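Assembling the complex is the task here: the two chains are given apart, and the hints tell you how they should meet.
If you read the sequences in order, they're chains H and X. Each residue of the first sequence is one higher than the last, beginning at 1 in my numbering. Each residue of the second sequence is one higher than the last, beginning at 236 in my numbering.
Among the hints, erroneous ones may be present.
[To be verified] Derived, one-sided and incomplete: chain X residues facing chain H with beta-carbon distance under 10 Å:
{"hint": "1", "residue": "R246"}
{"hint": "2", "residue": "L254"}
{"hint": "3", "residue": "E347"}
{"hint": "4", "residue": "Q349"}
{"hint": "5", "residue": "D358"}
{"hint": "6", "residue": "Y536"}
{"hint": "7", "residue": "T538"}
{"hint": "8", "residue": "G543"}
{"hint": "9", "residue": "F548"}
{"hint": "10", "residue": "N580"}
{"hint": "11", "residue": "T583"}
{"hint": "12", "residue": "D620"}
The set of hints was computed from the structure by calculation and includes no laboratory data. None of the values given here were measured: they were computed from a predicted structure. Where is the CB? At the ideal position from N, CA and C, for every residue including glycine.
Listed here are the chains, written in short residue letters.
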Amino acid sequence: MSGAGENAIVAKGLNHWFGTGEARKQAIFDVNLSFRRGSLTVLMGPSGSGKTTFLTLIGCLRDVMDGSVRMLGHELNGATNATNEALRRRSGFIFQAHNLHESLSAIQNVMMGLQVHGRGLDKRQSREAAAHMLGLVGLADRVDYLPGNLSGGQKQRVAVARALVGNPEVVFADEPTAALDRTSGMNVVQMLKRLGAERGTTTIMVTHDGRILELADRIITLEDGHVVRESDGVP
Amino acid sequence: MTHLLERLLGRLPIGWLQLTHNRARLYSAIAGVSFANVLVIVQLGIAGSMTTATLQQYAYFDADIMISAEDANSMTEGGNVARQRLFQALADPDITGGVSLFVSNLTWERPEGQVLLQVFGIDPNATDFLSPIMAHKVASLPLLNAAIIDRKTRGLDAEMLGGIRPHSPETFESSGKTITLVDSFLGGGGFGTDGYLFVSDQTFLNLFAKRISGAPDHILLQVARGADVGAVVSRLRKTIGDKTLRIRSYAEARAQDLAYQNTQRPTGLIFGFGVVIGILVGIVIVYQVLSTDVAAHLREYATFKAMGYGHGFFLGIVLEEAMILAIFGFAPGVIVASGLLSILNAKTGLPVAMTGETAIMVFVGTLAACALSGAIATRRLAAADPADLF
Ligand SMILES: Nc1ncnc2c1ncn2[C@@H]1O[C@H](COP(=O)(O)OP(=O)(O)OP(=O)(O)O)[C@@H](O)[C@H]1O
Ligand SMILES: [Mg+2]
Numbered sequence: 001m002s003g004a005g006e007n008a009i010v011a012k013g014l015n016h017w018f019g020t021g022e023a024r025k026q027a028i029f030d031v032n033l034s035f036r037r038g039s040l041t042v043l044m045g046p047s048g049s050g051k052t053t054f055l056t057l058i059g060c061l062r063d064v065m066d067g068s069v070r071m072l073g074h075e076l077n078g079a080t081n082a083t084n085e086a087l088r089r090r091s092g093f094i095f096q097a098h099n100l101h102e103s104l105s106a107i108q109n110v111m112m113g114l115q116v117h118g119r120g121l122d123k124r125q126s127r128e129a130a131a132h133m134l135g136l137v138g139l140a141d142r143v144d145y146l147p148g149n150l151s152g153g154q155k156q157r158v159a160v161a162r163a164l165v166g167n168p169e170v171v172f173a174d175e176p177t178a179a180l181d182r183t184s185g186m187n188v189v190q191m192l193k194r195l196g197a198e199r200g201t202t203t204i205m206v207t208h209d210g211r212i213l214e215l216a217d218r219i220i221t222l223e224d225g226h227v228v229r230e231s232d233g234v235p
Numbered sequence: 236m237t238h239l240l241e242r243l244l245g246r247l248p249i250g251w252l253q254l255t256h257n258r259a260r261l262y263s264a265i266a267g268v269s270f271a272n273v274l275v276i277v278q279l280g281i282a283g284s285m286t287t288a289t290l291q292q293y294a295y296f297d298a299d300i301m302i303s304a305e306d307a308n309s310m311t312e313g314g315n316v317a318r319q320r321l322f323q324a325l326a327d328p329d330i331t332g333g334v335s336l337f338v339s340n341l342t343w344e345r346p347e348g349q350v351l352l353q354v355f356g357i358d359p360n361a362t363d364f365l366s367p368i369m370a371h372k373v374a375s376l377p378l379l380n381a382a383i384i385d386r387k388t389r390g391l392d393a394e395m396l397g398g399i400r401p402h403s404p405e406t407f408e409s410s411g412k413t414i415t416l417v418d419s420f421l422g423g424g425g426f427g428t429d430g431y432l433f434v435s436d437q438t439f440l441n442l443f444a445k446r447i448s449g450a451p452d453h454i455l456l457q458v459a460r461g462a463d464v465g466a467v468v469s470r471l472r473k474t475i476g477d478k479t480l481r482i483r484s485y486a487e488a489r490a491q492d493l494a495y496q497n498t499q500r501p502t503g504l505i506f507g508f509g510v511v512i513g514i515l516v517g518i519v520i521v522y523q524v525l526s527t528d529v530a531a532h533l534r535e536y537a538t539f540k541a542m543g544y545g546h547g548f549f550l551g552i553v554l555e556e557a558m559i560l561a562i563f564g565f566a567p568g569v570i571v572a573s574g575l576l577s578i579l580n581a582k583t584g585l586p587v588a589m590t591g592e593t594a595i596m597v598f599v600g601t602l603a604a605c606a607l608s609g610a611i612a613t614r615r616l617a618a619a620d621p622a623d624l625f
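So here's chain X without its partners, still in its complex pose (with noise of 0.2 Å):
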């Protein structure tokens, strides 16, 4: 290691040796390093948790173009849509279809304790409109009262759900209506709900006695192959004229369901806090490796200095210090990482995982901020006149 980094320095790799020699010390700086990749690999994990929870709904169903209430922040929020607005929206040449959808919560009390469900109802001959995996399931939703569940839901046997098959179904009863599990699905990562459920659209009016089939809450609709789906919603929001709706793209609903979800609720701007903690904890805890690493070789630092070593070649020291304490920090940071967001997914159900993405990220990341934390440290060393650093 020593040769094969003098090769690549061009001089004595003067931080590897530095670092080595004390190793009692050098593995307090990379426990140090590894701890600061724990924190914030664990916090993007919860809050990406939030965007995965996000996504996974709209993942489901395969549309172009919905429709929602102006209040509609996100699937289960705001108002309704009139179904009038679906015929309209049909009459356009370049929509080739449209369904309704019906979202809302229902509580399935248990005497372990309330689980609560998040029920999509949808058409279920509208297979178009559902991700491949749904509608091939959505097969058996005719029957009334049948639904398909969420395998992962919090509070409720993975085993025993995953067991449920149409010709073995499970039942469980809901403010007096008793609903037959005919299917499950792997879902998964609700943060309002505990898990998921989708019915048809008649067992969905059938459950929420209250709710109307002329007024679901959202549409989704389809256009022709080729067609710009832009130049169809903004011909949309001509034709339909109504100012409480919002027309948007389908991708366009999810970004801004996802935005709202970070930036407006509590969870989104807590997760969003944990991460910006996470990071400040992290540097802080990096310069400290570092600038306690450099104090510690400040005599020795003087007198290069005072043979005449510039600023430069004690930043390269301290850089190569940083490289190597970030890169040896970095591998047991994701291990354990890892294995503390599976415990923690295991445990709440939450798709908190650690991305490729964020593994390069945090550690482009920690390479920044040892770099940055190092040339720091060495500051004081450029002011000083040697002769007072002994």
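Next comes chain H alone, as it looks inside the complex (with noise of 0.2 Å):
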């Protein structure tokens, strides 16, 4: 594993304005946080509190404008696209929407976040890597069906199965349980919460969700852009 240090990800006097001139409003105000290793952090707030805009900045799908983020050992201040492509490919993204390619079948889909490492697996290869992964969030039986074919639960869980299928070393997950009955819920975060424990994966989740709470290693609350307060576990 690359990077320095036992922290993913360190953000320092993180600020972020949306909108130019008048319309200019600030959304993350000064915020300093970080990362552990292989640790799962939830971010919660009420709605509009700056938690999806503050994972997109940390997840290095939004450019920083205003103070630092170091992800894996990279500063995203200024990061040229190159840096911003590399990262993103070690990491997963889990979106409030699935997202998933309309026109791809599920593991197509799951095969493209293989193949964007071109690691030199093979089809038949990253075939198999793909359907594991479906197997995994119980979608073994729907592999070769379209987006459209899918329940709202189904394409949610294809999309997690494509963020984990590269094994990301930090996946970001916004709300990745919304769209889930309870149990498929706990499995995702289960899943989560054990590949944080085997291959040292840091998590960063979005969620409301109260039972996910009792996983956390640390939970995070956001109001008006601020931290407002951090606790370890159960708060």
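Put into structure tokens, the structure is as follows:
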């Protein structure tokens, strides 16, 4: 595992604004947080508090304007396209909306999460790895379905498989269980927790699900773009 | 097809899968590209007919050098040349022969309407100066007021004209003179006139009372085998020394006429303009098709971007789509366009047609336009943060 330190991500003096001129509005205020490798952190807070904004900033999906974010040893503020792309390949993102590619089957969508690495897996190997991952999220019998023929929960599980298939070092998840029933939601979170233990995967997850809080190593609460509370385990 | 493309691309053929996923959108995209093709091919066909029609006149004759008046921009325009120049030219050791060519227009008044014919008058014994087909036909011209008519003359019955033979002639009157049509040939496609008429020089002078044998419209010359036409031309310019004449190689005369038709005459300009508009509209349609497609998949692309795919990957998908649309749009485009052109040809007699060259040019152009449009359409994706695209 490359990248120095025992922290996967370190944010320092992070601010973020949306809009320009009169409409300019600050969404993140001087956030200083570190995320230990292998930990599971839950982000909480009311709607509009800046959870998604913060997650996309530290997840390398949004340019850092002010302050510093170090992800896996690389500074994101002013990072080049190449650095961004390389870091995105080392992480997995699970979105609020599943965002599957509609014209690709479940397994093809998952394979896209592997192919991005260009890791010299041949087609059969990557198919096998993708099928295995789909099995883990309970979709072994749906591998060749197009997203249009899957339920919301099934689609979300495909998205989870896609994010995890490439063995990411960091997983960002924005309300990943919102579209899932209780059991599969818990399954997904337990899987993420297990990955953390087995592979040292760092997970940062936005959720309101009370039962997930029990599994968290750390809970951070945002309000109006400020970190208002930080606690270990159940608050 | 998916497997073939997968082999070819070394990755999932996402462009293909994406296009075929939404059939309705695929068909309308193909229709759009086809329409762009039709537009450009038809415009090129019309503009090309100008070239064909212009060159056609020159193809009736066989000469190396042509002497015309200074203002003779085309076969039919401009003043006369003194026949004296022919004799002067014949004095050149490299000139093996020459002939006077007379050109004028004649109106055939018919109850159904006027037919305007472009008349060529030439010595029927000068068969060396005619294309093989015409050389073969002029044998029947020595008869006074005999003429050979263009079978594809607009406004005339092609079947009737086709039936004309020396033993079954047809006659018509023009300005009080009776003309006997003794044969026909396959011409067609005059822009200025409806068709062509070949007569002997004697008949020509008889039909056009104001014209005299000493002042033809052009002089055609042939040079000795192996002689350098360019050298003979510059020598003639010197020996004839008449600045009011254009002494050019026949090929040069033809090329200059073509350039004149395309760039100086209103028709040529309008056709050229039509081609430009056709191409522009074609590009706009193709761009519309591809940018709509990119916009429709922006969220999906943003997800790929968030996964770490670079701009080259998206360009690859869009170029794949561009290629597919260009290929699938081309076939129906060509079929519809050639159909339209043959209808146009039948209705107007203009030599509008799609050449293989045009087809290849349009295909390559479509491919380029598709690729470029696709590349431009992905720029928004390149500039944005993935998080802003969801
Ligand atoms: N792209 C954007 N442009 C302008 N303002 C934005 C944008 N994205 C978010 N905001 C604003 O920034 C603030 C934080 O939004 P954010 O989406 O991060 O909140 P959130 O905590 O994820 O909320 P939710 O629980 O509803 O998902 C809000 O006031 C929101 O309106
Ligand atoms: Mg949110």
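Report task. Would you pick out the hints that fail for this structure and give their numbers low to high? Result -> Checked against the structure, the hints that fail are numbers 3, 4, 5, 10 and 11, while the rest are satisfied.
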